[in-house]
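Enquirer: Going down the list, the sequences are from chains A and B.
As numbered in my numbering, residues 1 to 145 make up the first sequence, in order.
As numbered in my numbering, residues 1 to 285 make up the second sequence, in order.
Worth flagging that the hints you see were computed from the coordinates, not collected in a lab.
Please note that a few of the clues may not be correct.
[Stated by the list, open to error] Here are the computed lysine to any residue pairs in the SDA-like style, where the Cα-Cα straight-line distance is at most 20 Å: (1) B:86 with A:92; (2) B:85 with A:46; (3) B:93 with A:141; (4) B:93 with A:120.
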Amino acid sequence: MLDKSLIGRQSEPILHEVEKGAIRRFAEALGDPNPLALDEAAARAAGFPGLVAPATFALTLGWGERFRHSLDLGTRSMLHGEQVFEFGRPIVAGDRLTVRSKVADVQERSGASGPMDVIIIEDEGRDEHGVLVFRSRGTFILRRG
Amino acid sequence: MTINVRQLYFEGVKVGDELPPLVKPPVDRLQIARYVGAAGDWNPLYIDEPHARASGFPSAFAPGTIGMGFLAELATDWTRGARLKKLQSRLVKFIWPGDVLTARGRVVERRFEPGDTYAMDLELWAENQRGELVTRGLATYQLFYSAEDESRQRAGQPPLHVTQAEEEARLARLSRAMPQRPPQQPRALQPARPLAPPAPPSVAPAAKALVPPRPQAKATVQSRPVARKPAPKKASKKKVARKATPMKPARKAVKEKAPKKQPSRTPARKAAPKKPAKKSGKKRK
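Let the hints inform the model, and build the full structure from the sequences given.
Expert: Right, dumping it as structure tokens:
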């Protein structure tokens, strides 16, 4: 059973500089041909200052290794169960986003292979002006044994 | 370079609109490695086969979010010009190396929101080559109402104000302005009658028992049994006998009801071919 006291634990704010190469690599890895994510001229023509990140790119800005390790979740297998993103605006190359993560909830659920621990992590990314760019909520399942 | 010519506007969206399915190439181990690197999601279960097996899985598998990425790709392509507000996803089933995912979606809701904003919800889902639901999602978009709304907002003007009532009124006017194909489609469905002449034996008893079906029985059975009753008077007995034999039961049934209404009509019809021009006058009586 995961320690309920983890709820509310927050990460340090982490500054992410969104690089166009990272956006392009992410789109290519998905096999997403969207020109807005691959071709700067197309993105500019559409009115964006730079390459536009695919929606799920926000995953790359979520809770980092360091925060994960700080929670001391052990070596159990972790599965991603659900994911929600909310966007204030699209994430664009050149953005400098400050991301904070926190443990929103710790639950116990019964699964096919017995009880499972569930941890819900929320991330929030804001730009230099403090404007909310994205919010993310991931549900992760920790298998027991 | 591709320019996005096509734009999706709120006025052009209907609840129930379906997105053309997106069939992705197989999610192979190379793609998994690439994706894991690009996403920075270094869960060993995705790339370390021995580790995955030791953890009780049949093999390493792909991050579930890759399926979510496919849903986003489908939705983003279809909704060009719209702004993604929210993307929710449930990673239902494992994605194994080699799986072929097909992303699908449809419009499930369309909303006029306060502040002259226009929104829609897309239901999204991906299934694998075995037809199993792998990823399920819901995306909420904000759209420009129309090209006019977009150009106004891009010029720094306030958004176009359209209420649901106004839109409905406009659509109603349009549909009145364009009278649509007066012969309506239901008519096309009628030819059921010639296709299915039911066997008289079964129809006749039904006609006897139930009041409403009577006219039906009349219509279908009419030509044969009805003709037989008046026929004996004018037509030759041989013909009647021949025709009658296979349908005996029907005849009995109809006999009781038919005579009252039909004799006047039927002889005219049946008799006419037999004794052509000469007798036609008599029969009109």
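Enquirer: Would you mind marking each hint as holding or not holding in the structure?
Expert: Each hint tested on the structure:
| no. | hint | verdict |
| --- | --- | --- |
| 1 | B:86 with A:92 | holds, 17 Å |
| 2 | B:85 with A:46 | holds, 18 Å |
| 3 | B:93 with A:141 | holds, 13 Å |
| 4 | B:93 with A:120 | holds, 19 Å |
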